[in-house]
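K.L.:
Okay, here's what each chain looks like letter by letter:
Protein chains: 2
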Amino acid sequence: MEEKFVLKDKFIKQAQEISRGAELLPGGINELAIKLQKSAESGKPIRVKLGMDPTRPDLHLGHTVVMKKLKKFQELGHTIVLLVGGATAMVGDPSGKSETRPALTKEQVEENAKTYFEQMSKVLDTSKAEVVNNADWLHPMQLTDLLKLASNVTVAQMMTRDDFAKRYAEGKPISIHEFFYPLMQAYDSVAIDADIELGGTDQRFNVLLGREIQSAYGKPNPQMVMLLPLIEGTDGLVKMSKTYPEHCISLTDSAKDMYGKLMSIPDTLIVKYFSLLTDISDAELKDIEERLKTENPRDIKMKLAFTITEEYNGTQEAENAQKEFINVVQNKGVPEDIPSFKLESAMNILDLLLELGFVTSKGEAKRLIAGGGVKINNEKVTDTAMTVDIDNLPKILQAGKRKFMELTNG
Amino acid sequence: MEEKFVLKDKFIKQAQEISRGAELLPGGINELAIKLQKSAESGKPIRVKLGMDPTRPDLHLGHTVVMKKLKKFQELGHTIVLLVGGATAMVGDPSGKSETRPALTKEQVEENAKTYFEQMSKVLDTSKAEVVNNADWLHPMQLTDLLKLASNVTVAQMMTRDDFAKRYAEGKPISIHEFFYPLMQAYDSVAIDADIELGGTDQRFNVLLGREIQSAYGKPNPQMVMLLPLIEGTDGLVKMSKTYPEHCISLTDSAKDMYGKLMSIPDTLIVKYFSLLTDISDAELKDIEERLKTENPRDIKMKLAFTITEEYNGTQEAENAQKEFINVVQNKGVPEDIPSFKLESAMNILDLLLELGFVTSKGEAKRLIAGGGVKINNEKVTDTAMTVDIDNLPKILQAGKRKFMELTNG
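Residue numbers (my numbering), protein chains in the order written: chain A, 677 to 1086; chain B, 677 to 1086.
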C-alpha cells in the first residue's frame, strides 16, 4: 500500500523563510516545501541551479539577492550548482550586433569565473558548491542533438518572451540564433539535473523553459523556479547596474563608499534592502517595519548601512565609515583624514575636478557645479570658468557630499 | 583600364531557351545570360544545384520539369551538382509530428538516392553529374557553426515563408527546429559553391535564402535561382503527386499506362506539357500552338503522348501503346491481347473488381459502377450487388477505359 504523503509544517516554514520576497513557480510555497521534506526524508540534497554570466564578472549588491538565497539552501545542506555560461560566452553574438555578448576565449571565461567566485565567497561557501561549465556539454552538440532540443519549443511559445514579443511588434530584427540562448540555458537544467533554478524576474521565461525541457527529456519531477526581484539602485528608480555607477554598490566598494551610498537611498527602499540584502530574521524585519512608522528613518537606514558595510568590509571598517559619515554629512564637517594634492600651477576648476578623478567628464563637473555640489573652503563654486590659483594654499576642495581633497603647495 | 562587358545576343538566346516556362530571380534573363557568357569566356562551367529529397525516391513526370533544365545546362557543358539531402533525411522530424519527414538510416538514404539516379538517368547523364550528400558537412557542424549560420536570418524574415506565415496566423505550432531546414538547405549552396539553384515555385523562399546565405559567407557572385512551375496531374486540377496516383504519371509506368494517362489530360494542358516535359524546340512549340487553333486537339495530344511515352519506354513500345489506344478507346474495341482470369465460382462484382486489382477499394468499385465505367461483354453493369456467375464463360470484363480481363473457366 502506498503511504500517504503528509506535508509537515516545519518544511512549509522553511520554504517560507528561504523564499522571502521571491516568487515560486509553478507550485508556490507547497511545491518547495514538498521538495524540502522529500529531501530530508530521503537524505538526497536538493540541487539548486544558478547560472552566471561570465562576461560581466563585477558583482554588486543586486547580485547578492540571489546569493543570499543560495546561502540559505546551503545552510540546510542542499547542493548549490554554479553554472558558468562558458558555451554562450565563447559563442558571443555571431551576428556581431550586440555589444553585450562579446565572444570570450576559454581563458577569459575561466579568469572571469574566478573573479566571480572570489566575490561570491563573501556571501556563501563557494568551496562547497558544484561548479560546472556548460561548454562541456553544449559545445560538442551536433546538428541532430540541437535539432532535437529545438523541436521541443514552438515559435509562438518563444515569442511570448517579453523582449522577443516587444522587438517583433516594433519590427526590430530578432536573429534566429537568439532563440538558441534560452534553449541552451534550459538544456543546462537537463545536464545538471536541477531541482530548482534561481533567477531574476527578468529570467522568468528562460528558467521556466528549463522546467519544460527537463520534462521533454524525461525528468519525472522537473525543476521549479524561484524568481528574485531586481533591486533598485541607490536612486530608487532603475535597477542596480554597472550602467549607472553612481547608483550602484559594488561588493568591492570601500566601507566609506558603501556606507555613504547606502545612506543615500530613498526611505522607501529600506525594508526591501533589509529583506533581500541582509540576513536578518523575519522577526527582526517585522520589527523594522514597525519602527519605521514612528522613528526617524535615518536612524534605521544607518543600521542598514552598517549591517551591509560590516558584512563586506568587516566591523572595524564599518564603524569607521559610520563615524566619518556622521562627522561629514550629518555634522556638515570635514572628515578627519583627507588626502592631499600638490597644486603646482593655477588650474581651471573643471580640469582640476577631472584630474582628481572626482568626475569622469567635464559635463559631469559642470552639472555638479550648477547643482552647488562643489565647494572651496566651504564656499560654493558657481563659475565653471573659475581658475583655482596657487595663492593661499592649502585649501579644501569638496565635490559632492563625500569627496574631499586638500590642495597643497608641496 | 577595365574592359567594358558587352552581353552578346547568343547568350541571351541561350538563357531564354534554357529558362522556357521558368522564373529567373533576382536578375531575370540577363543575369543568367551574363553567367553563361562569363562561363564561356573563362572556360569555367556554371555550377547548377538541384536538391533531392531522398525520402521520396519514386519519380513522376512532374520531376522531369527540372531535369529537362539540368539536361540543357549539361548539354552546354556546365556542371550539374545533385545534392542528396542526407542530413535532413537522417534527422527526420525530431518532434515526431510530421509523417513526411521520417528519419532514414544512412543505408536507406543511399538506397533511395540510387533509385532516384536510375530514374533520373532516363533524362540526363547522371554519370557526368557531381553527386554530394549534405550529411558530409552538416552532420559535423557544432554549436558555434550552427549559431553562426542562424545569426544571418531574422525571425521576421523566416516568417515570410508561405507555410510558416500561414501556420502562425492560424495558431498552428511551428517548432523552432523547422527553421533549420531552410537554413541547412541554404548552407548547402555555400558548401557546393552553387552559381544557380533550380527548384519548384514552392521552393522560392528556400532557394532565395541560399543566395543570401552565400553572400553572408562571402561569395562575391551568389547564386541566382530558377523556379520551375509545378505541373498539374492528368486531371488538370492539382499538382502531380503520388498522393493522387490516378492522376500521376510515374517514370516507371508502362507505355500503355503512360500513353493512356497522357491522352486523358484536359486540352488546356497540352502546351504546358509540351513546353515543360518534352525536348521540342521553341519553333515546334510555336507551331503546336498555331495548330491547336484549327486542328482537333486530340491529334496533337496523341503526338504529345507518343513523344513522352517514346522517351521513357522506347519507340516500339510507344507505337504499340498508340495502336492499342486507337483500337480500344477511339474505336471502342477490345484490345488484342488481354489477360485472363479463371473464375472458379460466382462472385459479387465488387469483390471481383477488387480481386483483379482494378480498384483499390469497394468504394472505388461502387463509384466506377455508378459512373457507368464497368461493363461485361460491353454491357454496362448497374447493380453493385450483382453476382458474376460462371455460366457462359468466357466473358470480357471491362473497368474504365483501359482495364480488361477475360473471365474463363480454365
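Check each hint, because a few of them may be wrong.
One copy or two, either will do: identical chains are not told apart, so a pair holds if it fits within one copy or between any two.
Unchecked claim - Here are the simulated BS3-like cross-link-like pairs (lysine-lysine), alpha carbons at most 25 Å apart as the crow flies:
hint, residue 1, residue 2
1, 798, 711
2, 782, 804
3, 1077, 680
4, 744, 1079
5, 744, 1056
6, 848, 1042
7, 918, 711
8, 824, 842
9, 711, 747
10, 684, 798
11, 680, 932
12, 804, 744
13, 848, 824
14, 714, 689
15, 1051, 948
16, 748, 720
17, 714, 932
18, 948, 1071
19, 1077, 711
20, 684, 747
Simulated from the structure, these hints should not be mistaken for laboratory data.
K.L.:
Tell me the hint numbers this structure goes against, listed in increasing order.
P.N.:
Violated: hints 1, 3, 4, 5, 6, 7, 10, 11, 15, 17, 18, 19.
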